[in-house]
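Peer 1: Chains as they are written, first to last, in this note's numbering: chain A, 821 to 1161; chain B, 5 to 533.
If you are wondering where the hints come from, they were derived from the structure by calculation, not from laboratory data. It is possible that some hints are incorrect.
What the hints assert, rightly or not - Straight-line C-alpha distance at most 30 Å; calculated DSSO-like pairs for lysine-lysine:
| hint | chain 1 | residue 1 | chain 2 | residue 2 |
| --- | --- | --- | --- | --- |
| 1 | A | LYS991 | B | LYS349 |
| 2 | B | LYS265 | A | LYS974 |
| 3 | B | LYS140 | A | LYS868 |
| 4 | B | LYS347 | A | LYS991 |
| 5 | A | LYS1086 | B | LYS132 |
| 6 | B | LYS140 | A | LYS974 |
| 7 | A | LYS868 | B | LYS347 |
| 8 | B | LYS349 | A | LYS868 |
| 9 | B | LYS349 | A | LYS1086 |
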Amino acid sequence: MNVHTYAWLAWLISGLVVLTTTRNPLIILLVDLILILFQIWITPPSRKILGITLRFGLSVLALSTILNMFISRFGKTILFSLPTNIPLLGGNYTLEALVYGLTNGLILIGMFTLFMILNQVVSVHSLVRLIPQAFHPVAVVTTIALTFIPASQKQFQSIREAQAIRGQQLKKLRDWLPLIIPLLIGGLERAMQIAEAMTARGFTAQSERKIPWFEKALLPLGLIFIILGWILDLSTNLPISGVLIILLGLLLLLVLFFISGKRVNKSTYALEPWTQISTWISIFALLLTMAFIMNIPGYQSLAYEPYPTAHLPEFSILHGLLTLTLLAPIFLMGEVKHDQD
Amino acid sequence: MIRIDNLAYRYPGAEKDALQINELQIPSGKFCLVIGESGSGKSTLLRLINGLVPHFTGGTLGGQISVTGLDPIVSGPQVMSRKVGFVFQEVENQFVVDIVEDEIAFSMEQAAIPRSEMQVRVQQILHKLSLEHLIKRRVDSLSGGETQRIAIAAALVLEPKILVLDEPTSQLDPLAAEEVLILLKQLQQDLGLTIVMSEQRLDRVLAYADMLAILSPDGQLREVGLPQTVIQKCALKPPIVQLAEKRGWFPVPLDVEQARKFIRDEKFTPNDKAQFEIATTPLMEVQHVHVNLGKREVLKDINFSLHAQERLVLMGPNGAGKSTLLRTLLGLIAPNQGEILFKGKKIEFQHTAGLSQNIGYLPQDPNALLFSETVQNELETTLANHHIPIQPERIEHLLTQLNIQSKANAYPRDLSTGEKQRVALGAVVITQPEIIILDEPTRGLDQLTKNALLELLLEWNQNGKTILLVTHEVEFAASFASRILILEDGQIVSQGDPHRIMRTHPRYTPQIARLYPETDWLTLDDLPS
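The following block holds chain A by itself, in its conformation from the complex:
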C-alpha cells in the first residue's frame, strides 16, 4: 500500500517534534528503539542493518558523552577527577555531564535514524515534486543533480581504473590530480550535454510573460514586514503585535509564490494518490505532535534536567504510549517489498 509523501513528511515532523521538545532520556531511548525497529523492518535482511545501526549508535553515544564530559564540568556527582595542572583535561568529571552527553547522543541517533528511514521509504524525486511550481527551474535542476550523482560515481570509477592501468598509484595528494581533472572536465561536459538536451526538449528557466510591478513589489514588502514585525516583537512596550506583522509578511510571500507559480506554464505528469493509510498516518502524526507541544498530563516530565544533581527521570505513560504511534506505518502498510539489490 502506498503512503503519500506528505504523510511521510507529517510522520517525520512528528518524530522531530518529539526529539526536539523533550530531554527525557527514557522517552528518547524509547523513540530510538522504535525507530531502529522500524528501520530493521523496512531494510532487506541481506543488508544486516542491525549491526550497522548498533555500531553507529554506540560510536555516537560514546563520542557525544565523552565530548560533553570534557566540555561541561558542572554537576555535583563527581565520578573522577584529573589533576588541575593538566591543561584542558584537568578537573572534575561528573555524572550529570555524562547523562547530558548520553541524552544528546540519543537525540542524534534518533534524528539520524528518522532521516535514514525517510530516505528509504520516499524517493528523492517524490520530495523534489513537492517543490512549489514557482520554483520549477529549481526542481528540475535538483532532479538533474540527483541523477548526476550516480553518473559521476560511475565516471569516477572508470577514470580510477583507466589511470590505474597506466601504472598510476595513489600515494600522495598530487596523485589524485589525474582523477580529479578528468572527473571535473567530464562532469562539466556532461552538464553541457544535459543542458543542451533539455533546451532541445523545450525547457526554459525563464517565463515568456513580463512580471507585473505589483508582483515585483511583493518580495521586498514581505521581507520588510517580517523584519519590522521582528523588531516590534523585541520592543515589548509597543501596542502593536509584532507577530501579526510577521504573519502579514509571510502572507505576502505566500501570495508571491502562488502568483509566480501560476505564471509558470508547465504541467506535471506524476500524480501521487492520497490513500486511506496516508490519512491515518497523518492523524497519528498530528496526535503525537500535539501531545508533545501541548500542556497535557505528563507534559512536565518531558523537561528533564540532570544538573545540578542527577536523578531518575519521570516517565509519562501517556507520552510513552503516544510515542508508539510512530510504528503506525508498519501496522498499516502490512508487508514491505524490498527492492532487489
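Dock chain B against the given chain A, drawing on the hints supplied.
Peer 2: Same frame as chain A, but now just chain B:
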C-alpha cells in the same frame, strides 16, 4: 519541410566558418542521411534545424533557414521542440530523470500538456515502439538498444514533424542497430516523419536513406541527392559500393539485397580455403572464469587463451559482458571462480599497475585517461608512473607512428575525437607492452580515421604485438581479426577462424560474405583480382 539558403555559421572565437551551405532542401517525409568526416559540421547542421545553434552555442550566422515554415533562429529551441524531435549522440547523457515514463513525459511537462493527455500519449508512444514493458524501468538499467529506443520515444512524444538523430547507432551492436534503423523506417512510413540523421557506419545505414548529403572537411555541403548517385562521389564508401564501382554495376547497389541481382550470372572460383592456424605460445590463459557483479553473474565459465602475435577480436551484443571480461583480464575485477594466467603466472598475485606495463589497455572513453597539459606530458606521465626513464626519441617515434607528432605540445582535450583516441593509445603503449587491449576503439571515429587505426594496429601486430580488441564494427573486425570470439549473455558461444565464425553468426557477417555466401571471402581484399 527544411530549406537552407546561403547559410554560413561560425562558432564564437573560431577563425573560419564551421558550416557553409549554399542550398539544401529536404522534402517532407524523406529520410536524409548526412555524412562527412569528424569535424565536418554534421552535428552543427543537425543543431541548426531545431535552433540549438546558435541559441545554445552563440556564434555568428548568415543566410536563411526555414523548418516547417518557421525560422528556428527567430523561434528558438523551445518553440522548435514541438516541430523537431532530437536524439543526441550520447543518449545516456540526454536523460533528465531516472524513470522511463517520467523521462518520456519531460518534454510534455515543459509544453504544459494536461496530465490526462500526457498519460495517453506516453502509453501510445510506448505501444507504437513496443516498449510498454519498460514504462516503470530505471533508465540506467536499460540495454543499449532499449536506451536508444526510449530516447526516440521521448523525442517523438510531442508529435513533431521532423526527427533529427546524431549518430544514433554508434554505440549499438549490429542487431540493436538494425532494430533501431528498421524502427525509424517504419516511423517514417507510418507517421510521415521527415528524418535527418548523421552516421559514420554507411554499410548499415545507406540503404535506408532517400537522400544523402555529404559535408566536406571544411564544412561545405559538397553533394546532395539520391544516395545511389551521391555515394559515388564520396571517399567513405561501404564495401558493397566499392565492389559495384570495381565491377561497373549500375544503378549502384546500396546494400547486399540490391547487389545480389548483379552476381546471379557472375562466375567465380572460390579461393582454396586457407587452413586456420593458431600460434602455439599462449601469453594469457583464462581458465573457467566466473564473475558476479552484485547478484548478477556477468561472466560464466570463460575459457580461452590469447596467443603471441595474435589479433583476437571479441564481439557480442550490448551487455554481453565484453568490457567486464577485459577489466577482469587486467585484474580490475577479481573473478569469483577460475584463474587468469599471464605468461604462466596468476594475475591475482600481480598489482594492476605493474601488470599494465606488459598489458596496455585502452578504455572505451579516452577522456578518462587525459589530464596532462600537453600530449607529450601525457606519454611522459605513463613512463614516470612505471619508473621508466623518459627517452624523448621513443616518445617522438611513437607520436610519429600515431600521426600526432605535430600535436605534441597541444592540450589533449582540445583535439578531435580521433586524435584524442590516438593520444590515449600512445599513453598506454609507450611502455611497449606485449599485449594491447582495446575496448571499442572505433567508437565515434569516421571511416578515414578508422582505416588509419586499422593500418597502425596491423603494423604493430606485424612487429610482434598481440592485440585483443572489442568492437561492434563488423567490417573493421573482418579486416583485422586473425581469430574471433563471440560472447553472448556472459558465455563464449563461439570462437575460432573469422571466416567460419562470421558466416555462422548472421549478425556479424560482413557485406562481402553475405553477398558471396558460398565462398570464404570476408572483405574486398579477399576477392580475386
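Peer 1: Please go over all the hints and tell whether each is borne out by the structure.
Peer 2: Outcome of the hint check:
no.	hint	in the structure
1	A/LYS991 / B/LYS349	holds (27 Å)
2	B/LYS265 / A/LYS974	violated (50 Å)
3	B/LYS140 / A/LYS868	holds (28 Å)
4	B/LYS347 / A/LYS991	holds (29 Å)
5	A/LYS1086 / B/LYS132	holds (26 Å)
6	B/LYS140 / A/LYS974	holds (22 Å)
7	A/LYS868 / B/LYS347	violated (42 Å)
8	B/LYS349 / A/LYS868	violated (38 Å)
9	B/LYS349 / A/LYS1086	violated (63 Å)
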